[in-house]
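Visitor: What follows is the residue order along each chain.
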Amino acid sequence: MSDIVNLSRRRVLKGTLAGGVVLGLHVGGMRAAFAASPLASANGVKTVFAPNVYVSVAPSGEIVLVVHRSEMGTGIRTSLAMILADELDADWNTVKVVQAQGDAKYGDQNTDGSRSIRQFFQPLREAGGSARQMLIAAAAAQWRVSPSSCRTELGHVVHAASGRRVSYGAVAEAAAHQPVPARDTLKLKNEETWRYIGKSLPIVDLDDIVHGRATYGIDIVLQGMTYASVERSPVYGATLKSVDSTEAMKVPGVLHVVRIPSVPLPSGFRPLGGVAVVATNTWAAQQGRQKLKLDWDLGPNGTYDSGAYRKALEDTARQPGKVVRNNGDTAGALKNAAQHVSADYYVPHMAHAAMEPLAASASFANGAVEVWTATQNPQQARTTVAQVLGLSEQAVTINVTLLGGGFGRKSKPDYVAEAAYLSREVGAPVKLTWTREDDIRNDYFHAVCAQHMEGALDAQGKTVGWLHRTVFPSITSTFTPNVTYGAAGELGQGVTDMPYEIANVRCENGAAQAHTRIGWYRSVYNIPHGFAQGSFVDELATAARQDPVKHLLALLGTPRHVDLHALGVDYPNYGASIDEYPIDTARFAAVVREVAARSNWSRALPARHGRGIAVHRSFLSYVAAVAQVQVADDGSVRVTRIDLAVDCGRIVNPDRVIAQFEGAVVMALGNALYSEVTFSHGATEQSNFTDYRVARIDSVPETHVYIVPSKAPPGGVGEPGVPPTMAAICNAIFHATGTRIRALPVDSALLKRA
Amino acid sequence: MELIVNGVHHNVDADPNMPLLWAVRDLLGLHGTKFGCGVGACGACTVHLDGVAVRSCVTSLADVQGKPVTTIEGLGNGREHPVQLAWKAANVPQCGYCQPGQMMQAASLLKQTPKPSDEQIVEAMSGNVCRCGTYQRIKAAIKAAAEQA
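Chains as they are written, first to last, in numbering that gives the first Met the number 0: chain A, 0 to 753; chain B, 0 to 148.
There are no misleading hints in this set.
Simulated crosslink set (DSSO-like; lysine-lysine; CA at most 27 Å straight-line):
| no. | chain 1 | residue 1 | chain 2 | residue 2 |
| --- | --- | --- | --- | --- |
| 1 | A | 198 | A | 186 |
| 2 | B | 114 | B | 87 |
| 3 | A | 198 | B | 87 |
| 4 | A | 249 | A | 290 |
| 5 | B | 142 | B | 114 |
| 6 | A | 198 | A | 188 |
| 7 | B | 87 | B | 110 |
| 8 | B | 87 | B | 142 |
| 9 | B | 138 | B | 87 |
| 10 | A | 95 | B | 87 |
| 11 | B | 142 | A | 198 |
| 12 | A | 198 | B | 138 |
It should be emphasised that the hints constitute simulated quantities derived from the structure, not laboratory data.
Just need the whole structure built from these sequences, with the hints factored in.
Guide: Below you can see the structure in the form of C-alpha cells.
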C-alpha cells in the first residue's frame, strides 16, 4: 500500500511547477519519485498542482490523470483513471487521460498477471483523495473556514454554509502550498458517494478506435523513418553461419541489411538474433528479406519434435516425481480404494497470436534512444534496451502506445530491443514490424504439459485420495540455464492449490527440458492444470454416480480457508497475502451454486447434447463455468452456450469485467477446440491463421456472465475465465457422447457416432 | 500508380505488386487499416473496393487502379456510419485493433444484405479474427445497425 511522502517546497521540478508542491508516492513497496508534470506539460497542459505522479491540475482547471499500466483490451486505461477521478471528485467528461512512459517512479508497470486493479485500487484512491483534500484545504484557507465545512462537487470546492464555490483550477496554485495529508488524516470517499467506481463507463479510447484513429505500436511514424523486417531462425538457439544479401539489396526500396547478433541460451528477454532488411517501406523490407540467403547452424534444439517430446513427458508423468504437496497417505488410500480412477491429460504448445503483430519504432541519436511501442512492460523494455545497446537506463525512453492485444507476449521486449539496435546500426529511425509468421514461429510459447492423475473413492463414492503429477517445461527455463522443474508459482496454478476436502493428497512434478522459449500466455499454467483438475473432478463424479454439481459441492466440503502453508506447501498465492486473499471454499461453492442456477443445469437435453461444469480459482478470483455442447455425428463439436459465475472481489467497471470474461470464453474455446503449435526439426509447423487455428465468430456460443457481488479485495479479471471454461467444455462433450477428452485440442475423430 | 482513397486521388511511386495495405499505411499514412496476417486470413486489413469488402493485404495496387477505395477513415463519408454508432453503443471493442476491419466487413454486409439473418452475419464475419473475443457483441452490433438503417 502507499505512503505519501512530503517532498514539498524542497524541490521544484524543471520549472514546470512554479511554486508547486510535489509528493513522492510509495506504491507497493517501490519507491516512486515525483511529478507527472513533464508529461502533462508535454501534452500542452500548464501544470500548477501535481501532488503525485498520477494527478495534476492546471490553472485552467484541466485535470490530467496519468495511467501507468498498459491498455491491451482490458479497459485498464479507463478503470484506473476512474479510480483517480472518483477520489479526486473530478468531472469524468473533462479529464484528460495520459499514458505514462516506462519509469520506476510509477511503481510496478508490468501489466501482467491480472494485477492492475488489485495492486492499484487503494494507492490510486489515495493519490486522488490526497489531491482532493489539499484542494479543499486551499479553498478553506482562502475562505477562512474549516476544511471540514467544505465539500467537493465535480471539480469544485463548495462551502455550503456561505454558498461559496471555487473551481479546482482557481485553487490549484494555493493547493500546491498545502501540506500533504498524513496517511492517518487522509479521508477517502465513502463508497456510497462514488460517482464512477462500480459504474459501467465506455472506454476512453472508444471513439478513436471506431474511427481508425487509435494509435498502436505498429502505427507510429517518425521523421525520416525506415522500415525493418527481420529473418530469425525458427529453431531456438540456432546461430548464423553465413549471410548472402546480394539479391536482397537489389530489391527496390531496400536500404540496408543488418545482422543482429544471437545470444547464448537461454535468451531471456534479449533478441534471438537474425538478419534485418531495412527499407523505405514495410513491403519492400519483407520482399528483400525473402531474397536473403542464410545458412544456420541449428544448434542443440534442431531436433525438437513434438511427437517425441509428448511421449517423453507422458513417460515422465507415469513415474514418481518431486513431491510438492503431501498430506496423509495417498499411496495407501489409492491401494485400499473401493474404486480407483486414473487419467492422463495432455495440453500442447500454444501461441499468443495477438491481432497486432509485434512492432516497435526507435530513434537513436547522440547516445540515447527513444522508443514507441506496444508493450505490457515498459520498465523491462527500458532495461532490456539498455542492456542490448550498452546504455544506461536514463538514456532509454520508452513511450507506450495502445496494444493490439497482448496476452503475455508483449511483456517480453525482445522486439523492442531489436528496433532500438537497428536504429543505432542504420543511423536513422526504424520501425520494426514482425510478420504473423514471425509472431507464431518466434513466440514465447505456452508450455506443453502432460499430467497423470489418480483418485481413490471409498465405498460411499467419497474421494479419499488424490494424486496429481504434472510435467512441463518451466517458464524459468527461458531465463535461467538447466531448469527442469516447475517454479512454486507455476505449480500453484491448479496443482498444489487444489481446494477440495480430500484426506490424502499428493502432488508431484516431473522434470522436463525446454527446447524452445517458454512464456506466459493468458492464464498460464492454469490452462493445463485447470483443464486436468476440472476434468478429473468430473471423472470422479461419474465414478461416484453423482450429479456433477452436487459432487463438486460435496468435494469442496466444509466452508473453510484452505491453509496451504499449514499443509506444508510453498504457495506464493499470485504474490498476494494469503490473509487478505485466502483460498475460500465458500466462495468456490457460491459461484458453483450461482452458475448451476443460472444455466438451467438440471433441465434435460436431447441426445448428443451435454452440459459440463468446472470451477477454478486463479489470479485470486473464483469462476465457475457451465458449458453446453452439441456433438454432430461426424464428431464435430458445437459449443452452444456458456454460463460463467464470477467472484472477483470488488470491481471498478462492470461492463469491462463482463467483456473480459466474454473474451476469456472465446480464448478458452479456441484453446480447447482448435489451437496447437507443434514442432518438427526444431521449428513450428504452424505459421499463420491458416494453420494456427483460433476461435472465429462461427464457433462462438451464447455467453452469459454473472458477477457475484462482493466487497472482498479486488481479484484478477483478465485471466481467470479461461481455465474452468476449457474443462467445462470437455466435460460437456463427455456428457453428450460418453467419450472423455483428455488431450487438447479436441480430436473430433474420437467423437464420431459409432 | 494512381490511387483513389476516400475520394482523394493520389499518385504514388510504387511497385504495382505492392499490396494495397502497405501503400495505404506506409505511403498514404492512413493507419486505421491494420496488418494482421498478410495472407487474407484474418480480416484486419479489410477495406472497400468499389463499395465491397476486400482484404487489402492480398490486393495489389495494380488491382485497384482507378477504382474507388474506402478505408475506415472514410467510412460514413464524413458522418458516423451506422455500424460505428452501433459499435459504440454495444461497447464492442476491447483492444480495438481488429475493429476497423470488422466494421468495414460489417458495413459491406449491410450494404448488400440490409437485414441479415444470424447465419448471414456469421458467414460474412467468419473471415475476421478477434483474439479479444468480442464476437458476441459484434453480432449484436450488426443486428442493431441493421435495425437503425
